[in-house]
Every structure is written in C-alpha cells, then in structure tokens.
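Taken in order, these protein sequences are the chains called A and B.
Using my numbering, the letters of the first sequence map in sequence onto residues 89 to 217.
Using my numbering, the letters of the second sequence map in sequence onto residues 3 to 386.
Don't read these hints as lab results, they were simulated from the structure.
Treat the hints with care, since some could be wrong.
Here are the simulated SDA-like cross-link-like pairs (lysine to any residue), alpha carbons at most 20 Å apart as the crow flies [what the hints assert, rightly or not]: (1) A:LYS90 - A:SER159; (2) B:LYS39 - A:VAL92; (3) A:LYS125 - B:ASN269; (4) A:LYS118 - B:PHE98; (5) A:LYS118 - B:LYS295; (6) A:LYS171 - B:THR211; (7) A:LYS90 - B:ASP36; (8) B:LYS375 - B:ALA329; (9) B:LYS76 - B:LYS130; (10) A:LYS125 - B:ASN263; (11) A:LYS118 - B:ALA329; (12) A:LYS91 - B:LEU5; (13) B:LYS295 - B:SER175; (14) A:LYS171 - B:ASN269; (15) A:LYS158 - B:GLY57; (16) A:LYS91 - B:PRO343.
The residues making up each chain are set out below.
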Amino acid sequence: MKKVLVSGKVEGIVLKSENSINFLGTVDKKTGIISDKNHDLFEKSVKDIILVFPSGVGSSVGAYTIYSIKSNNTAPLAMICQKADLTVATGCALANIPLITISDEEFSSIKNGMKLSFDTDSSNQIHYQ
Amino acid sequence: MELTREEESALKGEQGEIMQMAYRILVATGEATDAEKLVPIEWAHLSGVNYNTIGDAGEEFLSGISKNARVKVKTTLNPMGFDIDNVSNYGLNENFISKQLSIRNSYETMGVIPSFSCIPYEIYDIPKNGTQVAFAESNAAIHANSFDHLKTNKESAFSALASAIIGKSPYSSLRKEDNPNITIRMKVKNPNELTYGMLGFFAGKIGDTSINISGLGEMDKRQTKAMCGGMGTSGTCAKFIFGEGDSDCEKIDFDEKEMQNVHDELNTAEKGDLITLGSPQLGLDEISDLAGKLKGRSFQKRCMVFLPRTVKEQARKIGYTNELERAGCEILSDCCTCLSPLISKDNVDAVTTNSIKGAFYLKNSNGVDVNLKSLSQIVEDETR
Numbered sequence: 089m090k091k092v093l094v095s096g097k098v099e100g101i102v103l104k105s106e107n108s109i110n111f112l113g114t115v116d117k118k119t120g121i122i123s124d125k126n127h128d129l130f131e132k133s134v135k136d137i138i139l140v141f142p143s144g145v146g147s148s149v150g151a152y153t154i155y156s157i158k159s160n161n162t163a164p165l166a167m168i169c170q171k172a173d174l175t176v177a178t179g180c181a182l183a184n185i186p187l188i189t190i191s192d193e194e195f196s197s198i199k200n201g202m203k204l205s206f207d208t209d210s211s212n213q214i215h216y217q
Numbered sequence: 003m004e005l006t007r008e009e010e011s012a013l014k015g016e017q018g019e020i021m022q023m024a025y026r027i028l029v030a031t032g033e034a035t036d037a038e039k040l041v042p043i044e045w046a047h048l049s050g051v052n053y054n055t056i057g058d059a060g061e062e063f064l065s066g067i068s069k070n071a072r073v074k075v076k077t078t079l080n081p082m083g084f085d086i087d088n089v090s091n092y093g094l095n096e097n098f099i100s101k102q103l104s105i106r107n108s109y110e111t112m113g114v115i116p117s118f119s120c121i122p123y124e125i126y127d128i129p130k131n132g133t134q135v136a137f138a139e140s141n142a143a144i145h146a147n148s149f150d151h152l153k154t155n156k157e158s159a160f161s162a163l164a165s166a167i168i169g170k171s172p173y174s175s176l177r178k179e180d181n182p183n184i185t186i187r188m189k190v191k192n193p194n195e196l197t198y199g200m201l202g203f204f205a206g207k208i209g210d211t212s213i214n215i216s217g218l219g220e221m222d223k224r225q226t227k228a229m230c231g232g233m234g235t236s237g238t239c240a241k242f243i244f245g246e247g248d249s250d251c252e253k254i255d256f257d258e259k260e261m262q263n264v265h266d267e268l269n270t271a272e273k274g275d276l277i278t279l280g281s282p283q284l285g286l287d288e289i290s291d292l293a294g295k296l297k298g299r300s301f302q303k304r305c306m307v308f309l310p311r312t313v314k315e316q317a318r319k320i321g322y323t324n325e326l327e328r329a330g331c332e333i334l335s336d337c338c339t340c341l342s343p344l345i346s347k348d349n350v351d352a353v354t355t356n357s358i359k360g361a362f363y364l365k366n367s368n369g370v371d372v373n374l375k376s377l378s379q380i381v382e383d384e385t386r
C-alpha cells in the first residue's frame, strides 16, 4: 500500500470497479446500491465488501453519502483506491471505514471476487488468499 | 503530515471529542492531498446543507455536534432544499421541511452565516489576493482559485466543516504554485454559457488538480460560472490556469466534435416540461440581464429561477422580481436546481436548462431527462 488515510484491520471479498465513483447521486444512501446506468457496478451493492476503485469524483457532499451508508449498515468493510480524493478520505475518516491507496500495478492485479486482508497497524502489506 | 504539539494533543482527544473528530478529518484530508502542515484560513464555505443530499444521517450528525461545536472563522453555507417563503406551493412533505429546518438550526447554532448560496464569491467581498480559504462547493472552489485569486482545496463537506471548527486547513497541492502538464485549447467559435459549461465538464474529466486553458476570449459572469460549475461536476480538478502552459505540455483541443460528445452525454430530451435557471444560482447581473431579455415576453411553461436571498432582496428593490414574475417565473431563494427536491420525476419527464451542472444532477439524482439550451435559445423558444 502507498498511503494509509484511515487506519484499520479488515478481511473480505473484493468488489472492483474500473470507473471512478461520484458517491453523490451514484450510490443509494440507504441501500448502498449503485444507481448510475453508465457505471460498471450498476445495480451492485457496496455492502460488506472491500470496494476497490480508481478514485472518488464529483460533489463534496458525497462524503455524507459515505457516512449515510455506514449509518444504514450498507457500507463497504474498507475502500482501496489508486488515488486519494477528499470526498472519499473525509467520508471514510468520519465513518471510520479503513481507506488505503495502492500502486497502479497492485491495482491492476486485484480482481473482482478475490479475498484479501490488511492491518494497517502491523504492516503495509495486503494479504491475498 | 507534521502537526504541532497542540494539534497532536487535539488529535489524541485532549481537547474534547469535537476537536478530535475535526483533526481526524483534516489528517485524512492532508494525507490525501500531500499536505505537510495545517495553515490558518480566513473563510470557510460549507456544503452538506440540503436534506435531500445529507439525509437523516447528516441531520442527526449535525444536530449532535451542534451542541458543542462552534466555528472559529467566517463561515457561509450552500443552498438548502427549498425557499421557506413559497415552500407550500411545492407539495413537500412535513418530514422534509422539519428535517431541513433542523439542519438550518444546527448550522446557525454553530455560528454559521445562513447564506444558503453556492456563489459566495459573488455575494461577499473577496479578501485580498492569496488569502487562504476553505470552500467545499465545487464551483465556488474552482471560481475562488481561478478567478478570485484566493487559495482553497476542493474541500469535501467534512473537511470544510472541520476547517471551520479548527480555523485551519491542510496545506495541500492546490494551495501551492502548480504547473499542470496538460493544456486544453478552446477551439469552439462564438461560445455561449452552455459551450463554456461543456468546456468545463470536458476539462474536469481530463485535469487532475489543476489544468491550463487557452483560447478563451472575454467571458461574462454567466460564462465563468458555467465553466466552473461544469468542471466541478465531472472530476476532481479545481483550478484553471490561463495560458498555453510550458512547451512540453500535452495539448488537447476542445473542438466541435468534443463538444458534441459532451452534449450527447448530457442532453437526453428534445424538449422540457419545465425550465430551470440557476445552477450555480443567478447573481444580480444575470437577473438584470434576464429581466431585460423578458421585456414584453412571457414563458409558455413553468420556469424556476434560483438565486441567493440577498440577491432576491436587491432584485425586489430594483423591480426585477416584479418583471420576472410578470413573465411567469417562479423565484426561489435559499435553494438551487442542483439536487432540488422540488423537481420530481413523478410529475416531470424532462427539464430544459442551460446548466451543465444542473443537467448532470437532474439526470443522475432526480432521474429526469434533460434538454440543454443556452439562455438566449430558451428565451427565443419558450417565451412569446
């Protein structure tokens, strides 16, 4: 991992997107389901998975969407991005969702459905299973 | 990021839970934006006001922290969901209204100025060149960095709030001198505000934190606002630097073909059931211009006009609001096209607007189709 933005320990299944995510207007704040027809995760739920995507984009109010899905128990276990953006960083900081960034090589090696784990306090490695 | 001893102690919780939360947010922000320290700010502008966007979680969060949190610097805020003066005309439910008023109350309790505007740069005096501010509203951050000689990150709702509470913000890349390696060359002739909105939307998809832009002529306020609104919608980029950039910059043309691509992405209807003007909200100049364009004409369908309350009051004194209402406009302050709960797909199929920012959110959040037209085209086609 490159950076730890919000620390934590997590283990789970990857849901990966090749598209950036505009949390406001793209992710349903109650169900955590992607509602943008043009998004490659359309109709998928982000609940209880490790969400891997390039970065967040769009309105800053998206941070509240992240806080909302956490409050509604429909949030990802963790998020992994290629590039850190403010909306996702602060949304995860407040909602206490672990957030790390990774290199482009590591990003392309992560596949949908993989199981992985990390613990930012003990090492800066992601473990793949 | 380096923190002072006092900042470290706040992060550990030694100055209370509110300060700890605020510092945790700023540390995550600083890590995300390669900041090495926090710097004092003079003005914060908050997003996260409309109940339609922040929902119950946001309302409860703000209500909770407002018991103890107070802002340390001048703090203004974004539009909310409705104009209390005419909300009864729009059939909003009681729950929405009471939750929205609770959000309003929480911000006022924290010491925030109830400006309910997405154009703070147009309704307040601009501080001296180079002043550090923290603006969350994306069009306002881009406008502040590009046209107002201020320095701000493209803050999130939370980082702007944390900055307001602490009075500091991370010293991120956007606050420093930048030298972007891409230049957009404007090649479209005779641009109107819709063209500039599409140019901004195009630039936002390409730019990273800032972008060079060349080939722009004289722009009026409507056009600069449209360009900033467009860019804020499509990406993370938050500053236009005017000029060709270095000779080794990658040059990308915004020509008729690229413009058509943006248009095809956002224009999904041939005509609208109603018209909205104002995303970003209209300033006094635009209201004056609109009143002039509507002399002796009337809209043939509903036309919602969004503006800040201070502008509405000025416009009323001058007589513009009378003129607009005579022409059939519904005048709404404190709210905006963008993420408005007043436009529902239950009774509207498509909306006509000249705003790229408005078009994106009408489509993706309200779920209605959008017909894009410049203001002069709207007046020509939709009034008699």
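Structure-based check of all given hints:
The straight-line distance between the Cα atoms of LYS90 (chain A) and SER159 (chain A) is roughly 28 Å, outside the 20 Å bound, and the hint therefore fails. At most 20 Å may separate the alpha-carbon atoms for a hinted pair to count; LYS39 (chain B) and VAL92 (chain A) meet this at roughly 17 Å. A C-alpha spacing of about 15 Å is found between LYS125 (chain A) and ASN269 (chain B), which places the hinted pair at or below 20 Å, so the restraint holds. Simply put, LYS118 (chain A) and PHE98 (chain B) have alpha-carbon atoms about 16 Å apart, close enough for the 20 Å limit, and the pair holds.
At roughly 44 Å between alpha-carbon atoms, LYS118 (chain A) and LYS295 (chain B) are farther apart than 20 Å, so this suggested pair is violated. At most 20 Å may separate the alpha-carbon atoms for a hinted pair to count; LYS171 (chain A) and THR211 (chain B) meet this at roughly 12 Å. Using a Cα cut-off of 20 Å, the hinted pair LYS90 (chain A) and ASP36 (chain B) holds, with the two alpha carbons roughly 12 Å apart. Restraint check for LYS375 (chain B) and ALA329 (chain B): the C-alpha separation of about 19 Å stays at or below 20 Å, so the hint holds.
Restraint check for LYS76 (chain B) and LYS130 (chain B): the C-alpha separation of about 15 Å stays at or below 20 Å, so the hint holds. Proposed proximity of LYS125 (chain A) and ASN263 (chain B) is supported: the alpha carbons are some 18 Å apart, at most 20 Å. Simply put, LYS118 (chain A) and ALA329 (chain B) have alpha-carbon atoms about 41 Å apart, too far for the 20 Å limit, and the pair is violated. Restraint check for LYS91 (chain A) and LEU5 (chain B): the C-alpha separation of about 18 Å stays at or below 20 Å, so the hint holds.
As the CA atoms of LYS295 (chain B) and SER175 (chain B) are separated by approximately 42 Å, the hinted pair breaks the 20 Å bound. For the hint pairing LYS171 (chain A) with ASN269 (chain B), the CA-to-CA distance comes to about 30 Å; that exceeds 20 Å, so the pair is violated. Pair hint LYS158 (chain A) plus GLY57 (chain B) holds up; C-alpha atoms about 13 Å apart against a cutoff of 20 Å. Taken as a hint, the LYS91 (chain A) and PRO343 (chain B) pair is broken in the structure, with Cα atoms around 38 Å apart against an allowance of 20 Å.
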